[in-house]
Amino acid sequence: MHDLLFLIPALPLAGFLFLVFFGKRLGEPLAGWLATGAVGSAFLATVAVFVDLVGKSSHERALTQTLFTWLPVGGLKVDVGFLADPLSVTMLLFVTGIATLIHLYAIGYMHGDPRFSKFFVYLNLFVFSMIMLVLGDNLLLTFLGWEGVGACSYFLISFWHEVDANASAGKKAFVTNRIGDFGFMVAIFFTFQSLGTLNYHGIVAASPTLATTTATAIAAMLFLGAAGKSAQLPLYVWLPDAMAGPTPVSALIHAATMVTAGVYLLTRMNPILALSASWVPWLIAIVGAATALFAATIAVAQNDIKKVLAYSTVSQLGYMFLAVGSGAYVAAIFHMVTHAFFKALMFLGSGSVIHGMEDEQDMRRMGGLFKVMKVTSVTFIIGFLAIAGIIPFAGFWSKDEILLSAFGKSPVLWVAGLVTAILTAFYMGRQVFMVFFGEPKWDRPLEEAVPDLHAERAESGVHPGHGVGPNEAIHPHESGWKMTLPLVVLAGFATVAGGLNLPLFDRTKFLEHWLEPVVELGERHVHQSTATTVTLAMVALAGAIAGILGAAAIYLGKKRELAKKVEQPVLARGWLYDSTITAFMGGPGRKAFDAVAWFDRTVIDGAVNGVATGIGSGSGQARRTQSGYVRNYALGLAIGAVVIAGLLISKAVY
Amino acid sequence: MGALVLAAEAAHGAPDFPILTAVVLTPVVGSILVALISKRRPEIAKQAAVLFALATAGLSIGILALFKTHDAGFQLVDHHGWIADPTISWTLGVDGISLWLVVLTGILFPIAMLGAPPHHDDKPFYAWLLLLEAGCLGAFLSLDTFLFFLFFEIVLVPMYFLISGWGYDLRKYAATKFFLYTMFGSAFMLVGTIATAYLHAKGGPVTFDLRTLAEGQDIISKTTGRWLFLSFAIAFAVKVPLFPFHTWLPDAHTQAPTAGSVILAGVMLKLGTYGFLRFGLYLFPEAAVWAAPGMVTLGVIGIVYGAVCATMQKDLKRIIAYSSVAHLGFIALGTFSLTTQGLQGGVFQMVAHGITTGALFMLCGFIYERRHTYKLEHLNGLQKPAPILAAVFTVVMLASIGLPGLNGFVGEFVILQGSFLTRRWWTVVAVTGVILAALYLLWAYQRVFHGTPDDDNAKVGDLKLGEGLAIAPLVAIIVIMGVYPKPIFDRIQPAVDRLVRHVEDNSDYRQPKVADEGEKVVPEDERRHEGEPSEGHDAEGAHAGADQEGGN
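Protein chains in written order, with numbering that gives the first Met the number 0: chain A, 0 to 653; chain B, 0 to 551.
Calculated from the structure, these hints are not laboratory results. Be careful, since some hints might not be right.
Which residues of chain B face chain A? A few of them, derived with a C-beta cut under 10 Å, are [as the list claims (entries may be wrong)]:
#1 H119
#2 K176
#3 S230
#4 G401
#5 L415
#6 D489
Quick list of in silico lysine to aspartate or glutamate cross-link-like pairs, EDC-like style, CA-CA up to 16 Å [said to hold, decoys possible]:
#7 K117/A - E27/A
#8 K508/A - E519/A
#9 K557/A - E438/A
#10 K383/B - D489/B
#11 K67/B - D489/B
#12 K383/B - E438/A
#13 K313/B - D593/A
#14 K383/B - E161/A
#15 K383/B - D112/A
#16 K201/B - D217/B
#17 K383/B - D461/B
#18 K221/B - D489/B
Predicted model only: the values in this text are computed from it and were never measured. Positions of the beta carbon are idealized from the N, C-alpha and C atoms, including for glycine.
Just need the whole structure built from these sequences, with the hints factored in.
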């Protein structure tokens, strides 16, 4: 079986290469089907590996395959090799599975786009890179995948690059991620210097000898990398903007898979985190909790259907970091999996809505869509119940475990998590009620239905296009089967995925046992009494219900005034964080860069030219030196060289 | 075809065939022949020139074929006495450090000729280019310091005429600046070259033979050695160029014709970085160790400073020119980190940068052919009318940014990993250059290719077949070097190990040990005085470790 591991990345890579050269000729929809097939087969291959692993005893569950040596430089030897163990296979199953569904969905969603086949080129390349990230058996190969998914994210965010904002969003994502990559690279350097290897098995084996200071440095630097990729404070700013990409991209890359790579990386390196000074896990937990809470408050005031989900994603990723910081790696992975299901589901659902609404993304223009989009609505609501943490949907179980371990770390962290949970239920409820229920705002021209929005758009000069619907009445409709089938499948998983790790009995904690060999060095087991556990769960559940009821009261009860109070402009603008950074970059930052360029022009180059002119005018021939004479020098040099060469040759001959 | 036949003959036909001399002289003969062709037949001039360039490329591949991978010393040495006293000889030889630079030169010249033809006066253009190629190859292969100096100087002449004859509006200014500035540096080197030979002789027979000079280290005193090193270093620093000697480069690049830029960035700058290895570390190991902190600092300043300057340029060619300052800063950092990884990464990066930046300049030339400007303000939305051109540009740009899987990453990563071992904090600063590289290139890409094209840009045609054929080999090499660099490193390694050992033997520097048993790494200043001979030990240890892990 291990001989065939390479097939998992090779299939999407083959799809990518084929589509690069023949994609345009295949055209729509064949290119899409081919890409879907490539990723689907990778999923099947993963399933085969999974079955194989399940058949082994828990400490033998690791398949490796080395293809060739990538970098052989002195003591540094990095292979292109794969490691399939419970952690990577868990990731791969949902990555390739969800990716297959989203490819299928995209055949419907991207219908009619002039760059249809190109979209699938990028999508297949993305899946390949993501697989390399997860399946690579060493830090550097993970970094290769890490950068690869970043590049694909850049391509896909700026997919509709004719609009400048989309192009800027892509660039912003790449550059912001690079700040994180700085940390990742330094962590790699430290690891090699202190352990002499970058291979995961080697790292785990050698880690006991690692000094605390080194482990701390590695862990802190890895966290910087993870914070970039997984959009944590202070580097989250690129993710909300990333919604400029087509919706399948948002679902796949910016919700389900790529953005969880940071959590994967920290889980993979958990033995190092366990050895680091305690401030690193604390920092991770605090940043995670702060991000979760911070992003949730922003989500409350967003009107763009995808922006709500984007901030929600940032917030949920914060939960995962809270778990990692609390040493609850299993809970982090658990939530990563359930989140992948329900968030991908809701993104795809929002895509279906946008599709039906003729590209409109503003929720103020929606309402009452339940009647016209039954499948989309029902599945979206399932996703909503899952993220809100309503029993028995998937999110309840995974979020509960995180809150439990956060409580074990510090009650303050738990409170932050709980408030986030309440806010989550509220803003998601708000979204569901604004989009699917209440009075329809699409059956009349925009000017009549939502005068505020009309005025806003007129003022900022926004025209219908990607993300902005027509000004006339819209005729929403349910999407075709290629788009609804993935919704139904994902809704199924969002309902039952909690079963992966039921805390009821020890033997139903499947994920915990499954992941144990990978996280045993780092996992911090919390032992709370059953009473505490149940109480905490009930409090969280009550909070979730309260949040939903609050949203219902305001948005179903049409309490406009109250809604205005909730949707503070400062929240709508993300606490002005992003705009402050932008202002700084465009202002003092740019001035500083300009000053350096000026310095180069005037001082450094000025000195050179000054010396030249000084010498030139000293001889009274400045102008001629600069034009004619150098030519003569050059010729002289050439002739001189020829003469010398001739002399030498003649001398040599004799 | 002719080139392949020649190469095959060279490789198998005659074992004593002086292939190194042949590779240097072939372009010289080509240059003379092209110069003799009638002015009225410019198309023959091009065909002849390309033929000779291809023959040279074939010979360089032949050298690669004949090269013995695990041999650390100079190979295929071709020695002809010239002058007995002082001993100046035509001695050429190749080792793992120069091998790939020779291959790079061989490959890049025909591509530059095919992909960036001149708009007038074909005949002298190609003649100069071939002469330039001969000079570059001669400099990379010389094992005689005087011979090296001759070649190092001779390349200025064709490049001067290429810039001043086929460049843009300010070509005279740029060519003059280029010429005078590099001449200024070389003047020091000339003095250094002669002084080294005579001081080394101590009144006995004077020789310019590089190996004799380098292997007899104890003759010249420490202080004198350091002065002599500096005289060479100034020439190389200008050539690389290292901060603050770099300002001739943006002007030269902006004004040079496309082929000139491709060769200037692709090959000529490497004369400087190569010089640091061969005439810095090898000839003056003690002084190189002494100067390393300063050189590393200049390299790191160049990385950050070049990137910041690149970000603010308003001309596409100037952006790439400044990016070269940054990239060559990495090479300087790697070289003077004095670790096997740093040096190997440096050699690799010389080739990688040559290919990548050569390709970038060629793509700039393609854009210029269409829009007759390099100004960013006049370019926009080109991805829409020219998607293939945009795609190729994207791949090359990502290689330059250092995306893993492409060649730029391999060089940068290996350099930084190596320099991290001896210069941790310098390296941390250098890594910020990785962030900035993404910033300036993506921003440039956005302004040139993204957006909705205006009327002038909307009419632009996509990549033509001829252009595609010229750039395709470069793109292929970019990918191959990024995915499977092992054959390249395998050939670099023995020579680099030998060089590092040479430095260790002749100074109190010891390469740090890469720990494989936890935190045993000695802080920088203590390490210098640690006496234990650590040569090879660390490499073996880590190898064993890696093998164990890979084996299950």
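Hint check results:
{"no.": "1", "hint": "H119", "result": "violated, 18 Å"}
{"no.": "2", "hint": "K176", "result": "holds, 7 Å"}
{"no.": "3", "hint": "S230", "result": "violated, 19 Å"}
{"no.": "4", "hint": "G401", "result": "holds, 8 Å"}
{"no.": "5", "hint": "L415", "result": "holds, 7 Å"}
{"no.": "6", "hint": "D489", "result": "holds, 7 Å"}
{"no.": "7", "hint": "K117/A - E27/A", "result": "holds, 10 Å"}
{"no.": "8", "hint": "K508/A - E519/A", "result": "holds, 15 Å"}
{"no.": "9", "hint": "K557/A - E438/A", "result": "holds, 10 Å"}
{"no.": "10", "hint": "K383/B - D489/B", "result": "violated, 43 Å"}
{"no.": "11", "hint": "K67/B - D489/B", "result": "holds, 10 Å"}
{"no.": "12", "hint": "K383/B - E438/A", "result": "violated, 41 Å"}
{"no.": "13", "hint": "K313/B - D593/A", "result": "holds, 11 Å"}
{"no.": "14", "hint": "K383/B - E161/A", "result": "holds, 8 Å"}
{"no.": "15", "hint": "K383/B - D112/A", "result": "holds, 14 Å"}
{"no.": "16", "hint": "K201/B - D217/B", "result": "holds, 12 Å"}
{"no.": "17", "hint": "K383/B - D461/B", "result": "holds, 9 Å"}
{"no.": "18", "hint": "K221/B - D489/B", "result": "violated, 34 Å"}
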